[in-house]
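Below are the chains, spelled out letter by letter.
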Amino acid sequence: MRRKNGALTPIEHSILNAAVRLCRGGEEFYGFQIAKEIEDREGARRLTGLGTLYRALDWLQRHGYLSRRWEDPAIAAQENRPRRRLYQVTGKVLSVALTSTPVNVPLFLALGEPSL
Amino acid sequence: MMKFLASTVLAAFIAMFIRTHALTITKHIVMGWVWLYSAIAPKEDRDARRGEVLSHIYELINTYQKAGYAPGETAIRLLEHGIMGMADDMGWSISSIPEGFADKVKGWSDILRHYRIPSALIAGVATLGLMNYSFFSSTNQTFINWLIMNGIVVVITVLLWKIRHPLVRRILYSWMGAAMVAAIAIMVWVSIQYRLYEITTFKIFILAMVPVFPVIIVVDKSGRQRFFRSRWWLIAIFWAPIIAGSFAGSLLITHSIKPLLEMWAVMALLAVGIFILCGATGLVAYGLCWIGVRGSAGGLSLVASTIRRLR
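Taken in order, these protein sequences are the chains called A and B.
If you use the working numbering, the first sequence corresponds to residues 1 to 116, in order.
If you use the working numbering, the second sequence corresponds to residues 117 to 427, in order.
Any given hint could be a false lead.
Taking lysine-lysine pairs in the DSS-like style, the calculated list, with each CA pair at most 30 Å apart, reads [as the list claims (entries may be wrong)]:
no., chain 1, residue 1, chain 2, residue 2
1, B, Lys159, B, Lys222
2, A, Lys36, B, Lys222
3, A, Lys36, A, Lys92
4, A, Lys36, B, Lys159
5, B, Lys222, B, Lys278
6, B, Lys220, B, Lys159
FRET-style restraints, in silico, Cβ to Cβ [what the hints assert, rightly or not]:
no., chain 1, residue 1, chain 2, residue 2, range
7, B, Ile145, A, Ser67, 28 to 34 Å
8, A, Ser67, B, Thr136, 24 to 30 Å
9, B, Thr422, A, Ala7, 51 to 57 Å
10, A, Ile75, B, Gly411, 21 to 27 Å
11, A, Trp70, B, Leu126, 44 to 50 Å
12, B, Asp219, A, Arg41, 40 to 46 Å
13, B, Asp163, A, Gly91, 28 to 34 Å
14, B, Ile145, A, Gln61, 44 to 50 Å
These are computed hints drawn from the structure, not numbers from a lab.
All residues carry an ideal CB built from backbone N, CA and C; glycine is no exception.
Construct the entire structure; sequences and hints are all you get.
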């Protein structure tokens with residue numbers, strides 16, 4: 001989908017909505033959780049495409065909506081699984097949510113707590 | 117019947133194998149695709165993407181297995197998940213190409229477009245390709261033959277490349293003269309040895325081509341002058357062995373010079389024919405290579421503008 005004037009695309013909106021829901025308790029999340037959250041909550045028939053998801057996450061991180069870090073390798077080794085890349089929403093998401101465009105209303109509602 | 121049974125058993129075995137290992141196979145397919153499209157990206161981005169997708173696949177399989185999905189079903193979901201994002205994978209791949217790469221590609225295109233690659237080099241490469249192809253398609257060739265053949269083409273190519281140098285030009289023209297002499301001498305021998313002059317159609321052919329011979333000897337003066345660079349005595353030196361050898365050969369084999377006289381015209385024709393054939397082949401090879409080079413330049417230019425547009 002072509003981006004208009006640097007605005008968020010629908011998938012990026014969906015990701016931010018899901019991210020806000022997952023981050024409520026200040027927790028970090030990883031890529032698959034977002035895909036599953038979108039599928040479960042938004043009634044998607046299937047998971048968002050792998051490439052679509054990570055390309056959007058990449059864009060959101062580069063534009064300051066999300067921050068990310070690699071999980072401690074010791075934890076992954078302890079649980080005997082590959083290392084996760086953990087994401088967290090930034091303050092910029094709040095400013096997007098507070099703008100009054102109709103497309104941002106679900107995001108605003110998802111935010112719930114103004115502390116974000 | 118046995119064949120049918122064997123193929124049925126094999127098909128059943130393959131189906132069972134796929135069913136049992138569907139998840140592993142799918143996982144490898146998806147990771148293979150990730151490995152492929154991320155290969156162009158810088159190392160840091162590439163490793164990050166591969167690591168992230170590997171973790172994603174692990175989480176997906178784990179989640180669906182815990183939810184009670186059969187491995188085959190999980191495999192289908194994973195495959196679908198991977199396929200759905202392929203266009204974006206490509207987009208990501210292009211956007212992660214380092215800045216300046218498009219300019220570099222455009223630079224290569226400009227080099228191909230504007231820099232005059234020596235035609236001799238291109239023709240040489242094409243000839244080498246053709247000769248090696250014919251060499252490998254022939255079974256009774258030795259390594260020495262191959263070496264000599266390629267060596268000759270490489271040397272001639274280098275000489276043609278550096279043709280502006282006077283010494284190179286002299287060597288090349290001498291070789292061409294010698295090659296011409298050898299070719300004509302061989303043709304004389306073959307024509308007499310195999311009594312080609314006794315065939316009626318060949319006689320008619322010879323008569324029709326008689327005027328060609330003086331054309332080559334007399335009319336094409338400028339070409340001859342270019343070849344021998346005004347040293348007229350070289351002409352005599354080059355032609356003397358042919359004439360003497362032909363007379364001697366004709367007398368020895370047929371005890372007459374009549375067939376030799378008939379043969380002259382044909383020899384001239386064959387010589388011209390061979391040169392025309394070689395020249396045409398060279399020109400075609402050159403033309404094809406040139407089209408290839410120009411096409412590559414256009415293709416690279418297109419790649420550069422596509423990268424710029426999609427970045």
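### Task
Check each numbered hint from earlier against the structure, then list the numbers of those it violates in ascending order.
2, 8, 9, 10, 14
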